[in-house]
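Visitor: In the order they appear, the protein sequences are chains A and B. Residues 1 to 780 in the working numbering are what the first sequence spells out, letter by letter. Residues 1 to 480 in the working numbering are what the second sequence spells out, letter by letter.
A few of these clues could be false.
What the hints assert, rightly or not - Derived DSBU-like pairs: lysine-lysine, alpha-carbon spacing no greater than 35 Å straight-line: (1) A:Lys-404 x A:Lys-554; (2) B:Lys-416 x A:Lys-615; (3) B:Lys-364 x A:Lys-615; (4) A:Lys-404 x A:Lys-375; (5) B:Lys-347 x B:Lys-396; (6) B:Lys-346 x B:Lys-416; (7) B:Lys-416 x B:Lys-347; (8) B:Lys-346 x A:Lys-615; (9) B:Lys-396 x B:Lys-364.
Claimed, not checked - Here are a few chain B residues that sit away from chain A, every Cβ distance over 10 Å (derived from the structure): (10) Arg-218; (11) Tyr-258; (12) Arg-269; (13) Leu-368.
Think of the hints as simulated: they come from the structure by calculation, not from any bench. Since we're looking at a predicted model, the values are computed, not measured. All C-beta atoms in this analysis are idealised placements derived from N, C-alpha and C, irrespective of residue type, glycine included.
One-letter residues, chain by chain:
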Amino acid sequence: MRQPWSRTILTQILFPVLWLLAVRPGDACAQTVPGSGDNLAAGDALTDPRNPIRNLFGGERLDLWSLRKPMVAVSDTAAASAAHSDSSGTAAAAVIDRMTGERLRQAGLTRSVRADRRTLIRRLSCDLTGLPPSADDVDAFIADESPDAYARLVDRLLASPAYGERQARLWLDVVRYADTHGYERDEFRPLAWQYRDYVIRSFNQDKPFDQFIVEQLAGDELISQHRREPTISPSLGGGAEAAVAVESPADDEVPVPRTTAEADMLIATGYLRLGQWDSTAAIFQEEERLQAEVLADLTNTTASAFLAQTMSCCQCHDHKYDPLSQADHFRLRAFFAAVRPNDSVIVSLAAETAAIEENNAGLKTRLAALRTEHKSMGSNQGADRRRRQQLSQEIELLESQLRKPQYAMAAVDSAAIAPVTRILLQGDHASPGEEVEPGFPTVLAPGPAAIVAPRPGTTGRRLALARWIASAENPWTARVLVNRIWQQHFGIGIVATANDFGHSGAHPTHPELLDWLATSFVTNGWSVRQLHRGILLSETWCQSSRNHGPEPEKSDPENQLLWRQNMRRLDAEALRDALLSVSGLLRPYAGGRPLWPNVPDELTHAQPAILEALKNDDGGRMQGWYTDPPEQTDVRSIFLVRKRCLPVPFLQAFDLPDSTVSCARRETTVVAPQALMLLNGPDGIRCAEALARRVLNTGRADLTLSRPSSDIPSLRGQRVADLFRIALQRPPSADEQQLALDLWGRHEQLRGDDVPNAAFLAFADLCRAVLNLNEFAWVD
Amino acid sequence: MLTAHHFSRRGLLQQSACGLGTMALSQLLVQEGRGGTAAGSRAETGLSQRPPHFAPRARNVIFICMSGGPSQLDLFDPKPQLNRRHGERVPAAFLDSLADPVIRGDARCFGSPRVFRHYGDCGMQFSDRLPHLGGCADDLCMVRSMFTTTSNHDPGQLLLQCGTVLFGHPCMGSWVTWGLGSESQNLPGFVVLLSSSGEGVDAGTSLWSNGFLPSNYRGVTFRSQGDPILHLSSPQGVSPPMQRLRLDAIRSMNQLRYATTGDPETEARIRAYELAFRMQTAAPDLVDFTQESEVTRQLYGLDNETTRPFGSNCLLARRMVERGVRFVQLYHSTWDDHSDLNNHLKKNTDMTDLPAAGLIRDLKQRGLLEQTLVIWGGEFGRTPMHEIRRGTTPGKEGRDHHPFGFTMLLAGGGIKAGHVHGRTDELGYHAVEDRVHVHDLQATILHCLGLDHTQLTFHHHGRDFRLTDVAGTVIDGVLA
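Construct the entire structure; sequences and hints are all you get.
Guide: As C-alpha cells, then:
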C-alpha cells in the first residue's frame with residue numbers, strides 16, 4: 001500500500017507541540033516589529049542581538065536550518081569549482097553520489113544497481129520532457145555501446161523543445177498559472193498564454209534562473225526606454241481585446257521594448273497578474289478589498305515560490321512557528337504597493353509597430369473618406385442604396401485589414417511614488433495600522449530596503465526585491481530551486497515540503513547535499529540545465545527503483561536515504577501526453593492561445609457563469625467555454641486552457657492541483673473514477689483506436705485479420721509484439737503475449753461475427769487494456 | 001497467481017515498522033483475512049467492514065454541509081434582547097475578550113426580522129424560514145452552543161471536516177470509512193454530493209481528502225443527473241462480459257509486472273479498477289429515481305425547480321445509505337451572507353428546507369433514521385451585529401462570520417430526539433451553557449458509530465494522528 005506521505009513531515013510532529021505552546025490568535029498582535037526606522041544599524045538575528053526578531057520571540061525560533069547560508073566544506077568547495085569547470089556534469093554527479101553514499105554507508109545500506117537501459121531512457125524522457133521515448137529511440141539507446149551514450153542522451157533531451165514544455169509545466173504549478181480570473185465569473189484572460197510561452201522559452205534558452213526571477217518580478221523596471229501617453233485602461237487582469245474600448249484618463253509611463261529579450265521582460269511581468277481577480281468587486285464598491293486580496297496573494301505566492309516562506313501565516317498576526325513577524329508580511333507586500341495591471345504595454349518591436357502604423361495609416365485615410373461619403377448619403381433609394389451597400393462592404397473590408405500590435409498582460413508601477421503600506425490589523429484591509437517601508441524579512445535584514453528608481457515613472461521597489469531574492473546572499477532562493485529540481489527527479493525533494501522551509505516544514509534529508517547543490521548552482525551561473533545534468537548523471541538517480549532485500553525497507557521504508565530510485569506515476573498532463581504520443585495523435589503546437597478541448601455539456605451547464613455566456617448574457621466578458629475543433633486539441637496538455645472553475649476533466653481526475661495557490665508538489669491518488677476515465681472516457685477510447693491503427697499499419701503489409709489462415713497466430717503474435725513495443729517500449733513476455741492474444745481472440749468472439757471489423761475493434765480493446773496497465777502510467 | 005495478502009505484505013511491514021496501533025493492526029489483519037474473517041472479494045475492495053470499538057448506535061452518516069455559515073440568529077436561536085437592542089452599540093462586556101478580526105467593536109446590534117415559532121411536542125423553536133425542518137422538531141436535536149476556533153471559511157470548514165485547519169489531513173468521512181469499512185461492495189464507502197447551485201465550496205476537495213490515509217478512502221463525488229460519475233457507462237459495443245475480460249487481462253498483466261517490480265501501488269490500482277467495474281453496474285440503479293413513488297417525489301420536492309437540485313441529492317443520499325454507503329457529505333453553498341441577508345436566507349431556505357426535512361421523514365418512515373446519523377450545519381455562525389464591511393444600505397444588511405456561538409442540528413442513530421442542547425447568551429454572542437466545540441461534535445459522531453475518537457488513530461511520520469487532534473469530549477447530553 002502506498003504511503004501518502006506527500007504532506008509536511010515535521011508538521012505532523014511539531015504541530016501538536018507547537019500548537020500547545022503557541023499563543024492564541026491575537027495575543028501577540030500588540031508587539032509587532034516596527035516596520036522601519038530604528039533598526040537601520042542592526043544585523044541579522046543570528047548574529048546581532050539588536051535584531052527586533054530576537055526581542056519579539058525572546059531569542060527563540062532561530063535554530064532553523066534554512067536561515068543559515070548554505071555551508072560547503074572546503075573539500076566540497078574544490079569539488080564545486082571542479083564541477084563548475086566541468087560542463088558535462090560528471091564532477092557534480094560524483095559529489096552527489098559521494099554524499100548520498102556516505103549517508104547510506106552510515107545507515108548500513110547500499111545503493112541499488114543501475115537501472116537497465118530501457119528503464120533509464122523511459123525515466124529520463126518522462127522526467128525531462130514529460131513524454132515517453134519512441135520505440136526507435138529506445139532501441140537506438142540500447143544498441144549504443146559508446147561510453148558516453150547516456151550522457152549524450154541527457155544532452156539531447158535537454159536540448160529538445162519538449163524539455164521547456166515540461167519544465168514550464170512544473171513552474172506554472174508553483175506560480176498557480178491559469179487562463180481565467182477565477183471567482184464567480186471566471187472570465188478568460190486572452191493574453192495569459194504569453195507568460196506561459198515565455199516560461200517555456202526561458203527554460204529552453206536555459207536563461208539563468210536569477211535573471212528569470214528578476215524578469216518576473218520586475219521585468220518592466222529593467223527596460224530604460226518608455227513612452228508617456230494616455231493609456232488604454234486595464235481591463236483589470238484581462239487582456240487587450242477586452243480592453244480596447246475604454247480609455248483611462250491617467251497617464252502611465254509605459255516601457256517600450258527594443259529587443260525580443262526586452263519584450264520577454266515585459267511579458268514576464270505577467271507573473272504579477274496570475275492570481276485570482278474578482279471582477280465583481282467594483283459592483284460592490286470593494287476595490288479596496290480586492291486590492292488588499294490581490295496584494296496579499298501576490299506576497300504569499302512570491303514568498304512560497306521563491307523563498308519557501310509561509311508569509312500567509314503572518315498576515316493577521318505574527319507567525320506561529322517561524323521567526324517572521326506580521327510586519328514582515330507587510331514589509332514584503334510594500335514592494336508591490338505601486339504595481340497595477342496594464343494592458344497597454346506593446347510587446348511588438350519598433351520595426352513591427354512602425355509597419356503596423358504604416359499599414360493602418362493608409363487604411364485609416366481611405367476609411368475616413370469612405371465614412372464621410374457614407375454619412376453624407378441622402379436617400380435610401382435606387383443608386384444611392386446600391387452605393388451605400390458598396391460603401392459598407394468596402395469599409396468592412398478595410399477595417400478587417402487594420403492590424404493591431406501585440407499587447408501583453410503586463411504589470412507596471414502606476415507612479416514613481418508608491419501609496420503608503422500599513423500593517424492591517426488582523427489582516428483586515430479596513431483596519432490599517434502602523435506604516436511600513438518595503439523591507440526584507442526582519443530576521444535577515446531588519447532595516448528598510450535600499451531602493452533606487454531605475455527610470456522615471458516607476459518606484460524601483462520590485463527591482464530591489466527581485467535583486468535581493470535572486471542574490472546569492474539570500475539563504476533560501478537557490479536552495480528552494482535546487483530542491484524543486486531534485487523533487488522533479490526523485491518524486492520528493494531533499495526538503496519534502498518544497499514551499500515551506502520553516503519550522504513546520506520538513507528537515508532536509510541531506511542538508512550538506514542541498515547546500516552543495518545550491519552553492520554550485522549559483523557558481524554555475526544559475527544554470528538549471530547544468531543542475532539537471534549533475535543530478536541525472538549520478539548513480540543516485542540512475543539506480544533501479546526495485547527493492548533489494550528486506551533490510552533497507554525495514555530500516556528506511558520511506559527511502560529517505562535513497563537506497564533506490566522512487567517509482568512515480570505520470571502526472572495528469574504527462575499521462576494525457578503519453579496517451580496521445582504513443583497513439584500517434586499528438587500534434588505539434590508551437591505555443592499561442594490556449595486550446596479548448598471538448599468537455600461534456602453537463603459540466604459546462606453546471607457552471608452559472610458559463611451558462612450566462614452560452615446565452616450571450618455575459619456582456620462580452622468571455623465567461624464561457626469556447627470548444628475548439630477536436631482535431632486541433634490533441635496538443636500537449638500545457639497548451640490546453642486552464643479554466644479555474646472547470647479544469648479539463650481528464651486532467652482533474654489525475655490530481656491536477658487547484659490553481660488558486662502555489663502548488664509545491666502534485667498529489668498522487670488512486671481512485672475508481674480514474675479507472676473509469678481511462679477505460680470508458682472518450683480520450684482513452686480514441687487513443688486506443690488510433691494506437692490500434694498505428695500498430696496495424698506498422699511495418700508489414702496489413703493482412704486481413706479476420707481471414708482464417710494458418711498465418712494468423714504468428715501474425716497476431718507480431719501485432720502484439722508491435723503493440724508492446726510502441727506503447728511500452730519493450731517486447732512482451734511469453735505470458736503477456738499469451739494473455740494479450742487470449743483477450744484479443746475472446747473479445748473478437750464476443751463482438752460477434754456480424755460485426756464487420758470485429759477483429760480490429762477487438763484489437764483496439766486490447767490496446768485499451770495495455771494503455772490501462774500500471775506500467776504505462778508509472779515510471780520505474 | 002499472486003494473492004491479495006502477498007500484495008499487502010509490504011504495506012504491513014511498513015506500518016508495523018512505524019509502530020502500528022493495535023486497532024489499526026487488527027483491522028489490517030481482518031482486511032487481509034488473517035484475523036478470522038474470510039478474505040475473498042472483501043480484501044479486494046479495501047473497504048471491507050471492520051468491527052467498531054463498541055456497540056454502535058448508528059451505521060451511516062449523512063452530513064448536510066451548509067457551507068458559508070448559516071445565520072443561527074435567523075434560523076434557530078431567537079434573541080429578543082438582541083431585537084430590543086437593534087441599532088445600539090454592542091455592550092462592552094461582550095467585546096472584552098474579543099480579538100477576532102471580523103467582528104468590530106463599533107458594529108451595532110442587528111436584531112432578526114424573523115418570526116420564531118414553537119414546533120412539535122418538544123416546542124423547539126425555528127424561524128419562519130424553516131417550517132419544514134420545524135415539522136421534524138420531535139426527531140431533531142438542536143445544539144445551540146456550538147463554537148469553533150477559526151473565523152474564515154477554508155480553515156473553518158477544514159476544522160469541521162478534518163479536525164485541523166491544516167491542509168493534508170483526512171476528513172471525517174475518510175476516518176470513518178477507514179475505521180469501519182463500508183457495507184457496500186459496489187459503491188464507494190464515502191461519497192460527496194455537491195449542490196448544483198454552482199457555487200463552489202471554499203476549501204474545495206480538501207474537505208473530502210483522505211489526507212495521509214490510503215487514497216481509496218478519499219470521498220468520491222457523485223452527481224444527481226446524467227452519469228453519476230463521469231464516464232460510468234462502458235463505451236458503445238462493450239458488453240459487461242467484455243469489460244470483465246479486459247479487467248481480468250489488465251489485472252493479470254499488472255500482477256506479472258508486480259512480480260518483477262514489486263510496485264506497491266499495484267494493489268490499490270487493482271482495487272480501483274474492480275470497484276470501477278462494480279460501480280458500473282450499481283450506480284445507474286442508484287440514480288434511477290423512476291421507481292420512487294409520487295409521495296416520495298413530493299417529499300423531496302423533485303417536481304419543483306427550486307428544490308429539485310438539493311432534493312435530488314437528498315434522495316440520492318437516502319438511496320446510498322440504503323445500499324450501504326457509510327458516509328455521505330451533502331453540500332449546499334453558500335450561506336455566506338455578508339450583505340442582503342434577508343433575501344439570501346430566503347433563497348437558501350427555499351432551496352433546502354423542504355428536501356432536508358423530507359430526507360429526515362423518509363429515513364424515519366423506512367426505519368433508516370435509527371441507524372443513520374444526520375447532521376445539518378456549517379463551519380460557523382453569523383454575528384449578532386450587522387456587517388459594516390460592505391456598508392449598511394438599509395434592508396441590505398448582512399452578518400459577518402461568527403465562531404463563538406452557533407447552532408447545528410443532529411438527528412437519528414444514538415441522538416436524543418426533540419432536545420435542545422446548550423445556550424448562547426442573551427445577544428447570541430457566546431455559547432455559554434453546555435458548550436460544544438467542533439472537536440466535541442466529532443468525538444460524538446464517532447461515538448455514535450461505535451468508535452472511540454482517542455483510539456481511532458493512524459501512525460504517520462512518527463506520531464499517532466486522530467480526527468480530534470488532541471481534544472474532543474463526547475457530549476453525553478445529546479445522546480439518547
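Visitor: Beyond 10 Å from every chain A Cβ: check whether that's true for Tyr-258 (chain B).
Guide: At about 8 Å from chain A, Tyr-258 (chain B) fails to clear the 10 Å cut-off, so the statement is violated.
Visitor: Arg-218 (chain B) clear of chain A by more than 10 Å, beta carbon to beta carbon?
Guide: 6 Å, violated
Visitor: Next pair to validate is Lys-416 (chain B) with Lys-615 (chain A); report whether the Cα-Cα distance is within 35 Å.
Guide: Judged against 35 Å, a Cα distance of about 50 Å means the pair is violated.
Visitor: May I ask you to check that Leu-368 (chain B) keeps its beta-carbon over 10 Å from the closest beta-carbon of chain A?
Guide: Nearest chain A Cβ is 25 Å from Leu-368 (chain B), so the label holds.
Visitor: Does Lys-375 (chain A) lie within 35 Å of Lys-404 (chain A) when you go C-alpha to C-alpha?
Guide: 26 Å, holds
Visitor: Against chain A, does Arg-269 (chain B) hold up as non-interface, every C-beta pair farther apart than 10 Å?
Guide: Incorrect as stated: the minimum Cβ-Cβ distance to chain A is 5 Å, not above 10 Å.
Visitor: Does the structure keep Lys-347 (chain B) and Lys-396 (chain B) at a Cα separation of 35 Å or less?
Guide: 14 Å, holds
Visitor: Does Lys-347 (chain B) lie within 35 Å of Lys-416 (chain B) when you go C-alpha to C-alpha?
Guide: Holds, at about 30 Å.
Visitor: Quickly compare the C-alpha distance for Lys-404 (chain A) and Lys-554 (chain A) to 35 Å and report which way the hint goes.
Guide: 65 Å, violated
Visitor: Going straight from one Cα to the other, do Lys-346 (chain B) and Lys-615 (chain A) come out at no more than 35 Å?
Guide: 27 Å, holds
Visitor: Is Lys-346 (chain B) within 35 Å of Lys-416 (chain B), Cα to Cα?
Guide: 29 Å, holds
Visitor: Do the alpha carbons of Lys-396 (chain B) and Lys-364 (chain B) lie within 35 Å of each other, as the hint requires?
Guide: 39 Å, violated
Hints 1, 2, 3, 9, 10, 11, 12 from the earlier list are contradicted by this structure; the remaining hints agree with it.
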